[in-house]
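J.: In case you want the letters, here they are:
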Amino acid sequence: MMDDCTISASRKRVADFRLHRPETIDETCDLLARFANGAMLHAGGIDVANRMKRGCTPPHVIAVQQVAGLSGVRLGETEIDIGAATRHWDIENDPGLHQALPALCDYVAGLGNIRIRMQGTIGGNVMAAEPGYEMLALLAVVKARLVFRDCRTRIERELTIDKWIEIRDANAGSLLLISIRIPRRPLALAWNRQLRPALSLVAALQSDEAGRMRGRAAVTGSASGPLIADLPFASHAADNPGFGLTAQAWADRLPALDLPLGPDAGYCKDVIPVMCRRLLEAMSKSLQ
Amino acid sequence: MMETIHISIRLNGRLQTADIAPNLMLVDFLREHLGLQGTKLACDQGACGACTVLIDGRPMTSCLTFAFAADGADILTIEGVSRDNGTLNQVQKALHACGVPQCGFCTPGMVMMMEGFAGQNPHLPGQSLETWMNANLCRCSGYQGFRRALSHLADEANGS
Amino acid sequence: MTALPNTLAHVGRSMADVNGHDKLTGAARYASDFNLAGMLHAKILRSPHPHARILSIDASAALAMPGVAGVVTGEDLAGLDHTYGMFIRDQPVIAYAKVRFAGEPVAAIAAETEELAYRALSAIRVEYDVLPPVSCIAEALAENAPPLFDGGLHPSALQPPPLCSTWVQEPAPNVLFDFSYSFGDIEDLFASCAHVSEDRFTLGRQSHAALEPHVAIALAPDRDHVEVWSNNQDPFLLREDIARIFGLEAGNVRFHAGLVGGGFGSKSYCKIEPIAVLLARKTGRPVRLALTMAESMMTVCDHAAEILLRTGVSATGETVVRDAVVELDGGAYADASPSVAMRMGTRFNGPYKWKGVRTRVRVIRTTTIPAGSFRGFGMGHVTWACESQMDMIAGRIRLRPDEFRARNFLEPGTSGAPAERVLDCDLTEGFNAVRSRMAKRTTSSDAGRGIGFAVACKGGGSSHRADARVEIHPTGDVTLAAGVTEIGQNTRTILTQIAAEVLGVDPVRIKVVNIDTHATPFDSGTHASNGATVAGLAVRDAATKAAAEVLLFAARQLKCGVEELSFRQMRILHGASSYLLGDLVDPQAQDDHPSFSGAASIQTPGGSLFWMPIWTAAEVEVDEETGIVRLTRLINAADVGRAINPQRCVSQIEGAAAQGLGQALFEDITYRDGQPLTATPLTYRMPRLADIPADFETIILEQGRGPGPFGAKGVGESGNLTIPAAIANAIADAVGARMTTLPMTPDKILRAIREAKPAIMATAGVSPSDR
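Residue numbers (numbering that gives the first Met the number 0), protein chains in the order written: chain A, 0 to 287; chain B, 0 to 159; chain C, 0 to 770.
Same shape as in the complex, but just chain A (with noise of 0.2 Å):
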C-alpha cells in the first residue's frame, strides 16, 4: 500500500470507533450482518491498526480475539483445523502440529518477524490480503480449505484458496473466516524468502487422494493475491534430465508479475524458474 504523504500515517490519526467484543461466532455473524461493510475485524490487530493509522475510518471494529472456537489446532484423522484467530507463533510451536507436519510449522516459524507472529493470526494475514503476505501461498500450495460461515445466510461455506481469490472483492464484508482446514497427506515443502519483501515462494508436494503426487508453486507479491500454478507432472529425481524443464514449464504457468517497488518482471521471469528447480530439487530430496 502506497503511503499518501499529505498527512503523515500515524496512530494519533487512527478514528474513533465503536468496540464490540463478541463471545461467539454467532455474535460475531450478527455483528458482521448488521453493519455489513462499515466494520472490520480486529484479530491480532496489526491491519486494523496500520489501515486506521493511514486513515481508514471503520465506524465499528469487531474484536474476535476472545470468541470461543475461532483459535486453536485441532488435529484430525484427515486433516488439521486451525481456529482462524490462532496466533502464527501458537501454530508453529503447537506439539501436535510439530509431529503430523511439521513442515508446516517451520514456514510459519519463518513469517515476518517475531513481533509480527506473535501478535498476527492466520485468519488476519489471510484476510488482509496483503501482496506480500504469505499464508494464502502456503495454504493454497497445500491445497487448504477455508471455512467462512455466511453471515446474511447463516450457512457455512468450505471454499478452495483459488476460489476464494476468485471471489473474495465482492464478499469480504458477509463472510466470516472461522478456520482453515489442511489436509494431513504426505507432505514435501519448500520455499524460498530471499527476496522478502518484495516476493517469495513457496512450494510443496502431495499425494492426492489416489495416492499420487501433485505438485503446487505459488508467489506473493502481486496485488491481486498469490499467484499459483499447478506442476504439469512430478518427478522425484534430482539427476533426472527433465528437472530444469519441470520447473521452467511450472513457473511459465505462473502468470506475469508486476510489483510496484520492484524488482522488474524480466528479473522476475529469469529468477522465478531458477527457485522453482530449486524448491523441486529440495522436495524430491526430502521425500527420498
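Possibly wrong hints are sitting among the right ones.
As the list claims (entries may be wrong) - Stretch by stretch, here's where chain A covers chain B in the computed footprint (C-beta under 8 Å, at least three residues):
#1 23 to 32
#2 35 to 46
As the list claims (entries may be wrong) - Below, simulated DSS-like cross-link-like pairs (lysine-lysine); rule was C-alpha separation at most 30 Å, straight line:
#3 A:Lys268 <-> C:Lys747
#4 A:Lys268 <-> A:Lys142
#5 A:Lys142 <-> A:Lys284
#6 C:Lys544 <-> C:Lys558
#7 A:Lys162 <-> A:Lys142
#8 C:Lys352 <-> C:Lys97
#9 B:Lys92 <-> C:Lys510
#10 A:Lys268 <-> C:Lys756
#11 A:Lys162 <-> A:Lys268
Simulated from the structure, these hints should not be mistaken for laboratory data.
The beta-carbon is built from N, C-alpha and C at its ideal position, and this holds for glycine as well.
Position chains B and C against the provided structure of chain A, taking the given hints into account.
T.: This is chains B and C only, laid out in the frame that chain A set:
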C-alpha cells in the same frame, strides 16, 4: 461520541485499571496516560520495534496494539525490567559491557525483546534470539554490540 | 592492532557510556519525551504534488474545529527573513507561493491534541496549479525543463572558495551550485599516461533514517523571546537561524538540547524548528511539533548522483591524473548541498598520490526531497567511484588490485594536494593489516566467492569552534559543559574520560550537562567527526585551567607557592601532606561554596585538521543464477590517533559500516512520477542483524599522530565510506561482473553477470557456443 472501555491490566507487576477510548494505542496509554516514557515511539508502523513491550510474556509491537486488546493481560515494560533498586539485570549488564547503547533509542525495545526470549526459553527448541532480534532496527550500532552481548549471555548460561 | 603504550588512568579504557544506565533502563529522556504544560500539538499538511504553484489555502474550516488554536501557511512569513539553508538560503520555512517536492510542508496546525491536529489537517483546502515534475538530474537539465525557481540569486553565506577552486552560485536554471577544483596540468598529464580509464558511476538516494524523528517544542513568551527544545545537532547554529528569521536578538533565543536518538547529519542545520516557532508566536502558547519517522525521511536525504571519472596511470602503474565530473541530485532546496559539493570536489585524490586532479561538481535541483549532509559529507560518493575504478584499472593494466593500491598510497607526512594538511597516518600499515587478516582464513577459490578491498581517507575538524567549561566543586563533583550534542557517538563519555584524566578524578564524579545556549559554551555544530578532537581539546584545556584555579586557591589557603602543589583525586598534595579540597574550603568564608572553573575555546582553521583513514576488505558470496549476494566477511581498520575509548571507536566503525552496507545493497528512495515510493520505514529497506555477517572484524590502529587530546582523532564518519566499493570489488572478483550503480540489488547484479559472461568466456578461451 465514543464510549470508553474499562480495562484492567497487570502492569510491571501491579494492578492497573483505566477507562480508555477504544482507539487508544497501547504505546500512548503507557507513555502519555501513565507517564512511562521508557518505551519509545520511532517508526509508528511496526517496522522498527522500538516500542516493543511484553504482553503475557510475548514481545509485541505496542504502536500496533490497541490498549483495549491488552485488557486482562500481564504487561512488562522497560521500567519493569531493572531490579527494584534500579540496578541493571543480567541482560542489561551484558549490553552495557558490550558497547551498547549508542544513541539508545532502540535500546528499550531491544531489551524487551531479549527479556521476552529469556522468558520463553528453554521451553521452545529451535528458537534463536538472534533470529528474534531481526525484528528490531538499530541505526547506530550495526548490531555488533548486541551480538557480543548475546555471546556473553550464552557464555554465562553455559557457566564459562 | 597497533596500540600506543597506555599508562593513563582513564583515557584508553573502554569505559561504558555515561548515560548507558539510563538508556538501558528507559530512564533516558530525549526531546521527543519532553512536555511543557499547556503545550499545543502541531501537525503538517504536505504537498501531494512534486511541483505546483499554490493558488490558495483555505484553512477556515480547520480553524473552526474545536481544539484548533492556529494555522500557519506561507502567508505568515510576511515580514520575516523567511528562508534558510546552510550556505544558500533558498528553503522557505513553509511553502511560499510554490511547492517543489511531494511532501513539502504547506500548512501547519496547532491544536489541543495531536488527534485534533490531524483531523483538522484534512479540513484545509489547498488549490494548486500543478506543474510538471522534475524527477531526476536528466529531467532537470533537459532543454525546456521546468525551472524550480524563477531566477536571481538567493541570499548566501558562501565562504570564499578554498585554494585551487572556484564556485558559482545558481549559474543556470535548476543548477544550484557549480564547483570546480584543479591542480596540475591536467590535459598534459593525461597525454603523458600509458593508460586512461573513463568510467561512469551512479548512486541512489540514501536516507539517514535515524530512529528518533525530528521534534521541536517552541515557547514564545513575547514578541522578543523564543525558547526551543529540539533534537537538532546544532543548537548554536539554530539560535542564529531563528534570530535571523524572526528578527530577534540572538541572546533572546534560547535552545535546549539533550540526548538525540540518532542524527547522521539529518538533524544538522535548520529543519522544522522555525515552523514550531511560527506557531508558538501565532498562538501565544507552547507548541510541540513532532514528525513521524516517515516525515523525517521526507525532510532531508542524501544525494543521488552521477559521476564520470577519468583516471590516467603511467606505464608502471603509478597514479598520475584524475578528472571527475559529478552531478549531485540536490533535491528541491539547498540545505547543505554546496558544502557537500565543495568537500567532495576537493577530495577526489583519495588516499593516493597524484600529479594533477580536476573536479567539477554541480548540484542539480529536482522536485525531490532536499538532499543535505549525510555522514561522510560526500566522501562516500567519492569513494564509491574511485575505489571501484581502482580495481577496474588494475584489471586493465594487469596488476592485482591490492598491489595497485599499495604502490600508490600517499606517504605519511606528505600532502596529497596543494595546501592540504599533510597525511597524519600510515596508509600502508593499515592496508597490510586488513589484507593479511583477510588472506589468513579465506579460501576465495570457493565458487561464487570473492574478495574486494577499498581504502578511503576523510578529513575532519576543519573550521570548527568548540568551547568548554569545567567546574570543580568542593563536594568532589565536576560539571562539564560543552556545546557538542550527544547523537549516539557517546561524545559525553569521551569528554568525561578526557576531563577525568586531566583532573585525576574518578569519571563517575563528572557530569556532562544538557545544552542550554544561555549557559553552555558555544560549539559550531555536531558534525564532521569533530567531537572527540576539537571539543576534546577544549575540555582538556578547560579542565587544566580549572585545576590551576584549585591550586591557586590552595596556595593562598596553605600560604605556599603554587609550584609546591599538585591536584589528584580531589586532593591537594603538598609534599608529604594531602588535603581534601572540601576541607580547605572555609564554610564561613564570604564566597561560600566556591567552585573552581576553567573555560577554553578552540578554533580550528579551514582545511582538514586530521585525516580519518579507513581500510576495508570484504568477502562476498554471489549466487550467479539469481544475483543475490551475501556479505560473508568484513574487516575494517581505522586509525584513530589515540583511542580515548577503544570500544567507542569500534562501535562507530561498526555502525557506520552497517549504513555503508545498506547503501551498497538495498537502501534507496526511489521516485515514480514525482512521488517517492520508498520513503517510509516499512518500504525503505534498512540493514537488520541478519544482514551483518557474524564474521565482522574491526581493527583500531593508534598511529599516534592525531591533534586531539592525547593524540586522538575523530572516527565517526569513515566506517561507511568504503563498504560499497569493497563489495563491488568482491563481486567482480567472484563472478567477473562489474557493478557501477548503487544500490547493488539482485536484478542489477544478475544483469551485470549476464553481460559479463561473453567477456569472461572469451578471456578463458571458451566461446559461448561451447557451452
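J.: Would you mind marking each hint as holding or not holding in the structure?
T.: Tested hints:
Only residues whose C-beta sits within less than 8 Å of a C-beta in chain A count toward coverage, and the stretch 23 to 32 of chain B has 3 of them, enough to reach three; the restraint holds. As drawn, the stretch 35 to 46 of chain B meets chain A at 3 residues by the rule of a beta-carbon pair under 8 Å; at three or more, the given contact holds. Taking the CA atoms of Lys268 of chain A and Lys747 of chain C, the gap is near 14 Å; set against the 30 Å cutoff, the hint holds. Using a Cα cut-off of 30 Å, the hinted pair Lys268 of chain A and Lys142 of chain A holds, with the two alpha carbons roughly 25 Å apart.
Restraint check for Lys142 of chain A and Lys284 of chain A: satisfied, since their Cα atoms lie roughly 21 Å apart, inside the 30 Å limit. Between Lys544 of chain C and Lys558 of chain C, the direct Cα distance comes to roughly 20 Å. Compliance with the 30 Å bound is thereby established for this hinted pair. Among the hinted pairs, Lys162 of chain A with Lys142 of chain A is consistent with the structure: their alpha-carbon atoms are about 11 Å apart, no more than 30 Å. For the proposed pair Lys352 of chain C and Lys97 of chain C, the alpha carbon gap of about 48 Å is over 30 Å, so the pair is violated.
Our distance criterion of 30 Å between C-alpha atoms is met by Lys92 of chain B and Lys510 of chain C, whose separation comes to about 21 Å. Taking the CA atoms of Lys268 of chain A and Lys756 of chain C, the gap is near 19 Å; set against the 30 Å cutoff, the hint holds. Proposed proximity of Lys162 of chain A and Lys268 of chain A is supported: the alpha carbons are some 26 Å apart, at most 30 Å.
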